[in-house]
Every structure is written in C-alpha cells, then in structure tokens.
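A.B. asks: Each of the two chains sits in its own frame; use the hints to bring them together as a complex.
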Amino acid sequence: MAAIELKAVVKTYGQIRAVDGLDLDVPEGICLGLLGPNGAGKSTTMRLLTGQAIADSGELSVLGFELPGESKEARAEMGVVPQLDNLDIDVTVEDNLRVFARLYRVDDVAAAVDRALAISRLQDRRRDAVDELSGGMRRRLLLARGLIHRPRLVLLDEPTVGLDPQIRTQVWDLVADLRAEGTTILMSTHYIEEAERLADEVALMAEGKVIARGTPAKLISEHAGELTAELYAPPERRAQVRAEAESAGLTVRPAGPAIAIVGSERASNGVVPEDAVVRPASLEDVFVLLTGEELE
Amino acid sequence: MRRLEPAAIAGVMTREVANFRTFWMSTAFSSVMEPTVYLLAFGLGLGATVVSQVDGLDYVEFVGTGMVATAVIFSSALPAMFGTFVKHRFQNTYDAILAAPVDVEELVTAEMLWIGLRAGFFGCFPLLVTMLFGLDPAWGMLLVPLFCIVTALGFAGFGIAVAGSVAKIDQFNYVTTLVITPMFLVAGTFFPIDGLPEWAQVAAQFNPLYQLVELVRHASFGFEATDLLRLASLVLFSLAMWRLAISRLTKRLID
Chain E
0 MAAIELKAVV KTYGQIRAVD GLDLDVPEGI CLGLLGPNGA GKSTTMRLLT
50 GQAIADSGEL SVLGFELPGE SKEARAEMGV VPQLDNLDID VTVEDNLRVF
100 ARLYRVDDVA AAVDRALAIS RLQDRRRDAV DELSGGMRRR LLLARGLIHR
150 PRLVLLDEPT VGLDPQIRTQ VWDLVADLRA EGTTILMSTH YIEEAERLAD
200 EVALMAEGKV IARGTPAKLI SEHAGELTAE LYAPPERRAQ VRAEAESAGL
250 TVRPAGPAIA IVGSERASNG VVPEDAVVRP ASLEDVFVLL TGEELE
Chain V
0 MRRLEPAAIA GVMTREVANF RTFWMSTAFS SVMEPTVYLL AFGLGLGATV
50 VSQVDGLDYV EFVGTGMVAT AVIFSSALPA MFGTFVKHRF QNTYDAILAA
100 PVDVEELVTA EMLWIGLRAG FFGCFPLLVT MLFGLDPAWG MLLVPLFCIV
150 TALGFAGFGI AVAGSVAKID QFNYVTTLVI TPMFLVAGTF FPIDGLPEWA
200 QVAAQFNPLY QLVELVRHAS FGFEATDLLR LASLVLFSLA MWRLAISRLT
250 KRLID
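Listed in order, the protein sequences are those of chains E and V. Residue numbering for the first sequence follows numbering that gives the first Met the number 0, starting at 0 and increasing by one per position. Residue numbering for the second sequence follows numbering that gives the first Met the number 0, starting at 0 and increasing by one per position.
Bound-form chain V, shown alone (with noise of 0.2 Å):
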C-alpha cells in the first residue's frame, strides 16, 4: 500500500468530524464572542482612552485584524497539544486507528489538516467580528482563509509534536508559559513590534504569528512585495513542523 493514502487521511478525519459534530456549537459561540470581548476592551476601551490610533489605523482596526492570529494558535496549537495527548493516554483512540490500515504518517497529517481547516475557518470569525465594529471589507480579505490555514497547519503540527514529547499533561504549561505566550504577545497583534528593543523585532521575524499579522492587515489594507515571503516562511513553518510530529509521534505510538 501507498504512503499517504487519501482514503486513509479521509478515513481519520471522518471522525474527527463525527466528533465535532458533538461539540461545534461551543467552538462557533467562544470563536466569536472571545474576539468581541477582546475588541470591546481593547479596541473601544483603550481605543477610546488611550491610544486612538496605530500605525495610521484606527486602534480597533489594528486588533482587530491582530487578532486573527490570536484566534488561529489558540484554535490550533492548544486543541492539537490537548487533543493529542487525551487521545493517546486516556481514549486510546490511536491504538484503535493504528490497528486499522493507517500509518503514523496518515494519522499525523489527518490531524493535521483537520485542526488546519478549522482553525482557518474559525480564526477569520475575528475579522467579521471587526467589520461589525467598523473594518471595510476589501477584497484582499479573501485570502485570509488561506493564510490562515497554512499557520494552523504549522501550529497543528507544533502541537502534536509537544504532546508526542511530553511525559504528563502538566508539562504543557511550560509550552504555553515559555512559548505560545510570549509569540503571541510579541506578535504585533495590541502593539506595534517597532517599539520593542531590536533584539525582539529581530526575533519577531522568526515569529510566524507575526508573519500572519502582517499579512492579515496588508489582506486588510493593501499587498505590499515582501507578503509573498511571509507565506513561503509560513509555508516552511508548515512542513518543518509536520516533519517533526510525525517523527515525534511514531516515537511514541510505535514501540
């Protein structure tokens, strides 16, 4: 039998979708009342008192558009972490999958691309969100989807990969203390990176969630040339990480 067989990617994330089937109204209500709640206090309430502008754009626009990052790692790379390691420890669900005809290969990339599509759906809910509190539609916005997607694609990949390493559940917090905070805070999404030391915008390049908030604002407010990098860097993101959890599950789930 083939390497990544569609039928078998097919046949894991069939159930995937039975089970979303079971929990999407929650994931549909926090989607779109978490980027509410963040717009009413940041972008009406600092907005309004203290910064009423960034950038040359008006303060709710800048989060606004920032926040479809923050919607896309926290409905990708927690879900995949969470997800993973209850599968495998507690359900486990992939001593059942693997039994069946699918490698660790297939079973990784159907993880993969089921959290990448939902994420990429779910992390646009911010932007229409905004376009409620006052962000023109522009047709550029269209390709937000897609931006999305590769991110949660990445951070997917990212998530798998921690769970297929940690030994308990608690040592997640050191993921999320030492790593998904601090890209998120230093992703551009409240503040301009330009006002952070050198060393941090440096490091911000490095950054894929600040890539995405570049390119969800220039989807927003005009292409510039270096937005084709920024994907392609989203893209390598992507594989880097799909690489490395496969690697780190099958050194998990194969003895």
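Same shape as in the complex, but just chain E (with noise of 0.2 Å):
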C-alpha cells in the first residue's frame, strides 16, 4: 500500500490552478523529494494532504484513509514540520512538546517528552521558553514537535527554507535519522542540494503538477546527460558560445552569470570553450530544463 495517494486531484483558488491534475504516489518507507519553484503547488499539496484545504476534484488517500472524510484518522498518525516556525514563544521547550504530545493523544506523555527532547538534543533545555532559544534550535524542536507521536508518515514542508548552512546541516542529520529508521517522509523543497542528499525520488513539480519523477540519478541520466559545461564569460561573447552550441543540437540554459551547456559530452570539438568549467551533470541542470526557472 502507498503511503500517500492522490490522483487527477485540482485545487483552484479564483483562476489561479494551483494543483492541476495532480497524480502522485508515495510508497511506504521511501522520502521523496517534492521539487519545484515558488508557486509549483508544493505547500498547496501538502496543505491538501493534511485537510486544511479541500480539492476540488480528484481522489486522495493517505495512510489508507480517503481524504478529506477520514482526515482526522489520517492526522492521527500523520506528522507534519511546516515551514514557518509556530512555535510558543513564551512557552518552555517541554510545554510546547507536552502540548501536542496531548494533540496527538500520547499514552504516555512525559517519556515522548523525553523521547522528542533527545532528538532535538534540548534536554538541557526544556525549562527555557522558546523565545531565548536559536534558530537552530528552534528547528530541531519544530522537527522533534512533529515527531513527538511516532508518526508513520511525516510531511516536511520546505524545513530548511531560509535556514543558515550550519543549521541545514542539523535539520539533515535529523531527517537522515528518520529515514534510517525506515519512516516515510514527503519533503517538499526548492533546495536542490537538500532533495539530492535526502530523497530516494524527486518528484519535480511545475504548474501544479508532476512533471519528471524519479531518482535523482535517473533524472539527471535521461534529462541532463553526464556533464554539464560552465562558462563565465561577459554577455556578448556567452550568447556568441550560446548559439554555436544551439546550432550544434546541445541545450543551453542560463547559469546566473554563466551559461550551462548541458550533456557537453556530447559536444563535437570546439563546441565548448576551452575556458568552461566542466562538471558532471546535476539535478539542477534538469530542473531548469524542464521547468525553465533557476532554483536556488
């Protein structure tokens, strides 16, 4: 059984489609990557899979319940970490858990507690309001706030956004956990670097939909070939390299300051610039192909 169903599934806010014919699976114990730029539909799928919007059409089963009938079952054993931070502030560490060890009808609650401040690494502060705690911390407990009733499935939307390095490296030491533990995660992201170290599949999103899935191996082998050549040059001479490489039958995208010329293994002599900077081949390199938009 899937963890997560959902198929031909709309949601349209006024003329905006927002999800468009929506098909996804996700399979028990795999995390999968939702990528996709702003307004791909990400945070409105993940929105439709916790009830807090209702599709206009379409079928959608999480964990084996229909939703939006049997959402609240489907919660139950459902963990959400959203994107933004709605944390208690001026609660301590341990009351924000406690309370929604309670939400989510903890037998036993001191020891998810315990359990929830370990994974977060915050025993030594449970007793401190939130709002003395860093943002690294913060996070951590948003995760382990998430995690408090052993979820089956855990959605986690965007958990790195805006996040330094440092602190990125922490919330991927914790999702690595999970999903050594064998629990299935979504993870909707628009950080390439963070689908392609966590998920087994990418799922690429665009205008609502999917629009590539596989892993990220895959996607880039039939997308984007092996290498990808850089060149940083001033504009006139990269649209010069531009339209040779067109005219050679290679594609070329934007690469901020750069050009990228993907698959340039199967470049003819000439064709890439001595001066371009080869590198093998990346999910970014297939996202924008495919979507036409940088990702960050």
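Do not take every clue at face value.
[To be verified] Distance windows between CB atoms, simulated:
{"no.": "1", "chain 1": "E", "residue 1": "E65", "chain 2": "V", "residue 2": "F28", "range": "33 to 41 Å"}
{"no.": "2", "chain 1": "E", "residue 1": "A247", "chain 2": "V", "residue 2": "R88", "range": "24 to 32 Å"}
{"no.": "3", "chain 1": "V", "residue 1": "L177", "chain 2": "E", "residue 2": "D84", "range": "31 to 39 Å"}
{"no.": "4", "chain 1": "V", "residue 1": "F28", "chain 2": "E", "residue 2": "I88", "range": "21 to 29 Å"}
{"no.": "5", "chain 1": "E", "residue 1": "Y231", "chain 2": "V", "residue 2": "I253", "range": "44 to 52 Å"}
{"no.": "6", "chain 1": "E", "residue 1": "Y231", "chain 2": "V", "residue 2": "K250", "range": "51 to 59 Å"}
[Said to hold, decoys possible] Derived, one-sided and incomplete: chain V residues facing chain E with beta-carbon distance under 7 Å:
{"no.": "7", "residue": "P5"}
{"no.": "8", "residue": "A6"}
{"no.": "9", "residue": "T13"}
{"no.": "10", "residue": "R14"}
{"no.": "11", "residue": "H87"}
{"no.": "12", "residue": "N91"}
{"no.": "13", "residue": "A95"}
{"no.": "14", "residue": "L97"}
{"no.": "15", "residue": "A98"}
{"no.": "16", "residue": "V101"}
{"no.": "17", "residue": "N172"}
{"no.": "18", "residue": "D254"}
Read the hints as simulated data drawn from the structure, not as lab findings. Ideal placement from N, C-alpha and C gives every residue a C-beta, glycine not left out.
C.D. replies: What follows is the structure in structure tokens.
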C-alpha cells in the first residue's frame, strides 16, 4: 500500500489552478522530495494532505484513509513539520512538546517529551522559553514536535528554508535519522542539494503537476546527460557560445552570470570553449531545463 | 474518529493554559485594579457628589454589580477577537493545531471554553472588590460565576466569529465602536435603562450584557421569576455564537 496516493487532484483559488490534475504516489518507507519553483503547487499539496485545503476534484488517500472524510484519522498517524516556525515562543520547550503530545493523544506524555527532547538535543534547555533558543534549536524543536507521536508518515514542508548552512546540516542529520528508521517522508523543497542528499526519489512539480519523477541519478541521466560545461564570460561572448552550441544541437541554459551547456559530453570539438568549467550534470540542470526557472 | 472529542478539546486547552501561565499575573492585576478604579471614580466620586441611590441601591453597589458584565465582555470578546486573529495570521498557531487530529469545531469549542472559564472567573472580581466597598454577600452570588461563564462563552464565540470575518486587524475598530461600546453602555451598568428612550429599552432586552447585569443584581439582592428566561436567553446566545464562530473560522482556515 502506498502511504500517499493522489489521483487527478485539482485545487483552484479563483482563476489560479494551484494543483492541476496531480497524480502522485509515495510508497511506504521512502523519502520523496517534492521539488519545484515557488508557485509550483508544493505547499498547496501539503495543505491538501493535512486537510487544510479541500480538493475541487480528484482522489486523495493517506495511510489508507480517504481525504477529506477521514482526514482526522490520517493526521493522527502523520507528523507535520511546517515551513514557518509556529512554536509558542513564551512557553517552555517541554510545554511546547507536551501540548502536542496531548493533541496527538500520546499515552505516555512524559516519555514522549523526553524522547523528543533527545531527538532535538535540547534536554538541557527543556525549561527554557522557546524565545531564548537559537534559530537552529527552534528548528530542531519544530522537527521533534512533529515526531512526538512516532508518526508513520512525516510531511516536511521546506524544512530548511531560510536557515544558514550550519543549521541546515543539523536538520538534514535529523531527517537522515528518520529515513534510517524507515519512516515515510514527503519533503517539499526548492533546494536542489536538499533533495539530492535526502530523497530516495524526486518528483519535480511545475504548474500544479508532476512533470518528472525518479531517483536523482535517473532524472539526471535521462534529462541532462553526464556532463555540464559552465562558461563564465561577458554577455556578448556568452551569447556567441550559446548560439554555436545550440546550432550544434546542444541544450544551453542560463546559470546566473554564466551559461551551462548541458550534455556537453556529446559536443563535438570546439563547441565547448576551453575555459569552460566542466562538471558532472546535476539535478539543477534537470530542473532548469524542465521548468525553465532557476532554483536556489 | 468522533466529532468533538474531549481529548482534542483538552489538548487545545492545554496549550492555552501553558500560555496563560506566562501572563496570568498581569491579567489578575488588571482584573482587580480596573473595578477598583471604576468604583472609586463612579461609585465613590459620582455616587458621593451626584447620585447616592439608584433603583433603591447605593450607587457603589449598583455600579459594582453592573461592572461584572463589563469585566466579562472585556475579558472574553476582546481576547477572542485579538487572540484568534494573532494566532491565525501572525503566529500560524492554528496551522500547527489543525495538522494534528483536531478539527475546527474542536478548536473553536476549546478556545471558547477556555476564554469562557477565564472570563467567568475574572468576571467575578468586581463583585469581590465591591464587597470591600460595602456590598453584603448573598447566597445567590454563588451563581454569578455560572452566569458569567455562560455569557463569556457567547462573547468568546462572537469574538472568534469576528476574527474569522475581518480582513485586517484594524477592522476590529468598527466592531468595538459599533457593537461592543454601545452594548456595554446600554446594559444598565452605570445607569438604569428605564431612563432611556423606549426603543433603546426594547433593544436592551436583546443585549446579553443587560441580561447578565440583571442576573447579577438579582443574585445579589433577590432573584425574580423572569431570571430563568434571562439565563435561557444567554444560553441561546452562546449556542448561536458557537455555531457562528465555527462557521466563520472554518471558512477562514480551510481553503
């Protein structure tokens, strides 16, 4: 049984089709990265899964429960780590956890709080108000709060957005531990590196639907080949090289102050300039090619 | 899972209690000081210089018993309005709660119950303070917390419904100016309503605060047969506001 199954799901807001015929299944025990630019429909998909948005049409099933009718049952076995910090900042760390242990009907609240404190490595800060914690501690607490009831499925909505690299690594470690325990994870992100590091499979969303799906390696080999050559040069030269590469049948995409010639291993002699930096093709190449948008 | 599960309601209330523990002292302080200041100003000031008796009561007793209603509306409607709006728009608290197995009906019920209990408790403070100014205790006063809780539940529901309806926090000004202030002034708190034009006296009968003022005064000085009807009207008011709050907040929270 798939942990999540969405079939032809549509959700509109006025004229905007935020989710547009979305088909998505997440098998149990994997971490699926939902990757896409802002406005791709990732957050709406997350809200549909937690019952905070109701689909206009389509079928949704989470852990065997049909949504929206059985949303409450599904949420009881699901943990959610939101994009925005919504901890109670004046309340102590342990009280924040205790409240959610009760909301999730945990039998042994004290044991659940102790376990969550261990996960977040905040045992020595348990009686401090959340307001006194650093950004990294708060994010770890937010993650631990979502795990307080040992959920079978965890939804991570942009878990590291806005965090500095050190804190991001801490959060990645926690997610990696969760994966190792076999918990099913659906993680929306628009960070390429996050998806590459943590996801068993990646589903690329654009304009409300999945446009490509597979392991990062499979997506790269299917859509971007083996190598990408990046050329950092003045605009006129970039335009000239781009024209030559495209006339040679290669795909070229903008890459900030550079251009990236994707699948450069197929280029004939002279098409890739000698001063270009050649690197292995990446998931970023795939996503920019498929969505036409640059990602972070 | 069933609707209105006690565990879900208790969970949401646990959160409220945890937060309240961080600011209970300021609430208790204002609950004692406000009626004291009002009683000094109106009861002793106005009472000693302009009116000494109203409806056969010392003015300080008249105002003190009436101020229970003032305390109830200000500790229920306003916290419900601002609290709900802030938790929804600025703190994203409801997103976290609704991601757990809690639905909007349970969320609203828990919020109303908490505010109702709190306002019911603090609503009695003016009565206690008035005793320091000479009000004699009466057995009927033991029912005042019940009257306060029932009324506060209604105004909590009203506040949540308003918060679920406005687009901006500034729009609360319309509600306080056009609804709460007139209600509070035409409740018989500071002056008897029988001096008002007839239409205002009729309107006052539909004002839950007026019914509460009457109930508290009767609890202090002797019940009347119509008091059961007054209590029934407050129960109906609370039930109506409960359903309205659920409807408005559902529209706001569920896309």
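A.B. asks: Now, for every hint given, state plainly whether the structure supports it.
C.D. replies: To see whether the hints hold, each was checked on the structure:
Under the hint 33 to 41 Å, the C-beta atoms of E65 of chain E and F28 of chain V, about 51 Å apart, miss the expected range. Range check, A247 of chain E to R88 of chain V: about 54 Å between beta-carbon atoms, so the 24 to 32 Å window is missed. With their beta carbons about 36 Å apart, L177 of chain V and D84 of chain E fall inside the hinted range of 31 to 39 Å. Checked against the given bound of 21 to 29 Å, the beta carbons of F28 of chain V and I88 of chain E, roughly 22 Å apart, stay inside it.
Checked against the hint of 44 to 52 Å, the pair Y231 of chain E and I253 of chain V passes, with Cβ atoms roughly 49 Å apart. Take Y231 of chain E and K250 of chain V: their Cβ atoms lie about 52 Å apart, and the range 51 to 59 Å holds. Here the hint on P5 of chain V is broken, as its CB sits about 11 Å from the closest CB of chain E, past 7 Å. Residue-level restraint check for A6 of chain V holds (minimum Cβ-Cβ distance to chain E is 5 Å; threshold 7 Å).
The beta carbon of T13 of chain V is positioned within 7 Å of a beta carbon in chain E (closest approach about 5 Å), and the interface hint is therefore held. Of the supplied interface hints, the one on R14 of chain V holds, with its beta-carbon coming within about 4 Å of a beta-carbon of chain E, less than 7 Å. A cut of 7 Å between beta carbons decides the hint on H87 of chain V: the least distance to chain E is about 11 Å, and the hint is violated. The interface hint given for N91 of chain V holds, since its Cβ lies 4 Å from the closest Cβ of chain E, which is under the 7 Å cut-off.
Restraint check, A95 of chain V versus chain E: the minimum CB separation of about 5 Å is within 7 Å; hint holds. Hint status for L97 of chain V: holds, given a least beta-carbon distance of 6 Å to chain E, under 7 Å. Hint on A98 of chain V holds. Least Cβ distance to chain E is approximately 4 Å, under the 7 Å limit. Taking 7 Å as the C-beta cut-off, the interface hint given for V101 of chain V holds, the closest approach to chain E being about 6 Å.
Taken as an interface hint, N172 of chain V does not check out: its beta carbon lies about 27 Å from the nearest beta carbon of chain E, beyond 7 Å. Using the Cβ-Cβ criterion of 7 Å, the hint placing D254 of chain V at the interface with chain E is satisfied: the shortest such distance is roughly 4 Å.
Of the hints listed earlier, those the structure fails to meet are numbers 1, 2, 7, 11, 17, in rising order.
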